[in-house]
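*Asks:* Protein sequence lines correspond, in order, to chains A and B.
In terms of this note's numbering, the first sequence has 1474 at position 139, counting the first letter as 1, and numbering is strictly consecutive.
In terms of this note's numbering, the second sequence has 1344 at position 9, counting the first letter as 1, and numbering is strictly consecutive.
Derived from the structure by calculation, the hints contain no laboratory data.
Just to be clear, a hint being listed does not mean it is correct.
Pairs involving identical chains hold if they fit within one copy or between any two copies, as the list cannot separate such chains.
Below, in silico cross-link-like pairs of lysine to aspartate or glutamate (EDC-like), each with a Cα-Cα straight-line distance of 20 Å or less [what the hints assert, rightly or not]:
id : residue 1 : residue 2
1  : 1406      : 1374
2  : 1397      : 1519
3  : 1414      : 1382
4  : 1409      : 1489
5  : 1488      : 1529
6  : 1538      : 1343
7  : 1406      : 1375
8  : 1409      : 1375
9  : 1488      : 1382
There are 2 protein chains.
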Amino acid sequence: MQVIARIESDFKEKFGIPRQSNLVPSLEALVVFEKAYRDENALRGLEGYSHLWLIWGFSEVKQQAWSPMVKPPKLGGNKRMGVFATRSPFRPNPLGLSSVELLGIEKLPGKGTVLRVAGADLMDGSPIYDIKPYLSFTDSHPEARNGFAEALKDNRLPVTFPPELLERIPQQKQAALLSALSLDPRPGYLIGREDPYGFAYGKYDIRFVVKEGVVQVFDVVEGQA
Amino acid sequence: MQVIARIESDFKEKFGIPRQSNLVPSLEALVVFEKAYRDENALRGLEGYSHLWLIWGFSEVKQQAWSPMVKPPKLGGNKRMGVFATRSPFRPNPLGLSSVELLGIEKLPGKGTVLRVAGADLMDGSPIYDIKPYLSFTDSHPEARNGFAEALKDNRLPVTFPPELLERIPQQKQAALLSALSLDPRPGYLIGREDPYGFAYGKYDIRFVVKEGVVQVFDVVEGQA
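Given only the sequences and the hints, what does the whole structure look like? Please build it.
*Replies:* So this is what it looks like as structure tokens:
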């Protein structure tokens, strides 16, 4: 398996990333090709597609033996499900699958021709193994039954973000951050606790607590890019 | 990358297989787990989903150096497109991606617990690397623009299949065969020629010509299973 590209995203660590693609459609990222695959010809015809598939690697997963069951965080972290009934990163082959919207194909200094995409759920630097066009007539099943994930899909919490903190974040990155926070990024097994949490978003550290079902941001600290 | 399962399908060779999943929704196949992954617990919760993703390998592709452009057969075999704008098997990492309908989870003698699926476009024996539940709220984009594939999606030819030949095929396998034939399985670069072709479907060799835009079956030969 060759790494053909890597994602450049504002999410620098696993914590805080939306758990599926398209949950935060305003979240932009770049697909930057590795030098050996930096060839515009490989993208010829891609501009006609609105959506793409990324097949990528959960790079932070250090796999030991595979486990047939996992504890999905959104089920509270104590209920076990079969690994093939989940999109958990802890699977025999730690492959991720994400559909993203193709916003543009751009030439950037030092990066070659990149893909600007929206809705990705990949951590910054994740390796990408394949890019395919999304075909609505084979890939789209709006009527599909979602199993135990159905009950979880609209689980969002209200977010309070003091305006004087929010304005520290570049305006075009605010909506995605608010949306990601509303998904309640806490690990399932800690839900119910009111500890403060923090995650890196771009060059900012976003600090919040969850109290009485509300995600409350209490600080934004600018760190290193 | 571990092979976790293999497909058991009536298509024993590459020629004749539908070029995408779901083009022949009546086509049934089995996902048979490798012994090391034959554990019912890994499927717990899967029964609630109607569709699955298979990430699999184009096992017949002997990859040399990667080529940035490929000639999609359905474009006539002489027009070149960027490999990432196609679902061609000839790509840097020869991974296939197919959504299939989950018809049932069954225990079969000597095979353990298998998945009965419909709509797969995998050759018999293809290695499967991952199985994920299809999530309609992240994976479904019925409005997606299909680029140059849009013009090709409904390209079907009429099929003539003499009844005395068709009745040699088990009844429950007839509809899928007729649908696969209507997709005109000839390689793009040979379209326009009236040579006879044949492909293996189950234990049958299906022989046909294409004349004046009609797929005409002229023989069905029973061979070895």
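*Asks:* Of the numbered hints stated previously, which ones are contradicted by the structure, given in increasing order?
*Replies:* Violated hints: 2, 5 and 8; rest satisfied.
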